[in-house]
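*Asks:* Chain by chain, the residues run as shown.
There are 2 protein chains.
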Amino acid sequence: MPKLHHHPFSAASRYVRLVLAEYDETAEFIEEKPWLRVPALLQLNPAGTLPIFIDDNDTVVSGGAVVAEYLLETKGARMGEVRLMPEHAADRAEVRRLVEWFSQKLHGEVTNYMVTEKVYKRRMGAGEGNNSPDPAAIRAARANIRYHLQYIGYLAGRRNWLAGRELSLADFAAAAELSCIDYLGEVPWEADESAKAWYARVKSRPSFRSLLSDTLRGVPASTHYADLDF
Amino acid sequence: MPKLHHHPFSAASRYVRLVLAEYDETAEFIEEKPWLRVPALLQLNPAGTLPIFIDDNDTVVSGGAVVAEYLLETKGARMGEVRLMPEHAADRAEVRRLVEWFSQKLHGEVTNYMVTEKVYKRRMGAGEGNNSPDPAAIRAARANIRYHLQYIGYLAGRRNWLAGRELSLADFAAAAELSCIDYLGEVPWEADESAKAWYARVKSRPSFRSLLSDTLRGVPASTHYADLDF
Chain W
1 MPKLHHHPFS AASRYVRLVL AEYDETAEFI EEKPWLRVPA LLQLNPAGTL PIFIDDNDTV
61 VSGGAVVAEY LLETKGARMG EVRLMPEHAA DRAEVRRLVE WFSQKLHGEV TNYMVTEKVY
121 KRRMGAGEGN NSPDPAAIRA ARANIRYHLQ YIGYLAGRRN WLAGRELSLA DFAAAAELSC
181 IDYLGEVPWE ADESAKAWYA RVKSRPSFRS LLSDTLRGVP ASTHYADLDF
Chain X
1 MPKLHHHPFS AASRYVRLVL AEYDETAEFI EEKPWLRVPA LLQLNPAGTL PIFIDDNDTV
61 VSGGAVVAEY LLETKGARMG EVRLMPEHAA DRAEVRRLVE WFSQKLHGEV TNYMVTEKVY
121 KRRMGAGEGN NSPDPAAIRA ARANIRYHLQ YIGYLAGRRN WLAGRELSLA DFAAAAELSC
181 IDYLGEVPWE ADESAKAWYA RVKSRPSFRS LLSDTLRGVP ASTHYADLDF
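One line per chain: the protein sequences are W and X, in this order. Under our numbering, the letters of the first sequence match residues 1 to 230, in that order. Under our numbering, the letters of the second sequence match residues 1 to 230, in that order.
Hints are computed from structural coordinates only; laboratory data are not their basis. Keep in mind that this is a model prediction, so the values were computed, not measured. Certain hints may be false.
Said to hold, decoys possible - No farther apart than 25 Å at their CA atoms in a straight line, the calculated lysine to aspartate or glutamate pairs in the DMTMM-like style are these:
1) X:Lys3 - W:Glu87
2) W:Lys105 - X:Asp56
3) X:Lys105 - W:Glu109
4) X:Lys121 - X:Glu87
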């Protein structure tokens, strides 16, 4: 069985878990501490980031966007028609632009701050890093989520799914980020009805179930986290 | 003819110029000021970054990695065999991992500092941004380039090209970054023979010529910049 080195609050790992589930693939999940630089993991991925996917043939692939393209090419095509990536180059470019937007920009401006401050710093043991909280980081994330949510609402309001007519990798890249933030109760859903309606549709997919059962010792999920009618 | 909104010292723009030239494609180049947030460009690319490629059919594609994949799908395949991207999924994943490494990590840790401090800040007009130099940024970039050069040397020393046996997008993503830094005389080539030999090979390709003739008013190129036997 393939292996996935991940952390439940690594948004890129969640993205890969969603894509795997959409392709009806399973993997053995190995939980890592993303705040540590573990030599064995650096050997697999010099960037030191999660997720790292190891396929049955020992192919090692790392990084959310890169693993998703790999799964698309190796597993997505087995399902008759390739799923989660449109056929035409222009539409594919729009999917890739949005995957980068969510996994780099939204991640860097919101999720990374939230997860580092509210999850990773609570998990760090003695000598595992600087775990003193940074209120400025949380404030920045709370300001930034508002315009990201608005952009998601804008996209969802004029298209069927975020990148166009069909459900695509872009929807899962966005939902993976938002699901981390939503667990922490930090998505101001009331600010954008259109974004909320889109998220409810993604969240209802069977591929989302494993994310909704994630729990974190000492940090309970927001009351509506697993609620499909939030 | 397609259009490319670019700046000569935007490494991602250089990457796209190299890929275009490798595919024997031309485009009308429109120079932008990447330090400004121009409404007309933000409408084309909400991320506000260069390059932005507009194809003959008015398809708008933005971001170096995304444009390169688009060119691969629309132009690369027309040349009999697809060039710059290997056939097998595992090898493609390695190309994409390295493109991300160079255009995100090397860029963020080296090129962006160098170009912002030494090029963009000199170009900024009154009211176009904070143009006071930051010596700490240059120091960080000078420290970081050394381990990036070492990694390039390590890859080039055990493979024919950076991502494997064949020349690929990864070589051009790396060379696009290094060429900006090399113009400024900030690549310590003496520190890694293997990296230097690899760069000499990439630099000798006809696709590189237009980059080597780039000049910047007030900032002359390093003496060896356009020298193929540097």
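*Asks:* With reference to the structure, classify each hint as holding or not holding.
*Replies:* For each hint, the structure was consulted:
1. Restraint check: the Cα-Cα separation between Lys3 of chain X and Glu87 of chain W comes to about 24 Å, which is no more than 25 Å; the hinted pair holds.
2. This hinted pair does not check out: Lys105 of chain W and Asp56 of chain X have alpha carbons roughly 29 Å apart, beyond 25 Å.
3. For the proposed pair Lys105 of chain X and Glu109 of chain W, the alpha carbon gap of about 17 Å is at most 25 Å, so the pair holds.
4. Restraint check for Lys121 of chain X and Glu87 of chain X: the C-alpha separation of about 42 Å exceeds 25 Å, so the hint is violated.
When each numbered hint is compared with the structure, violations occur for hints 2, 4.
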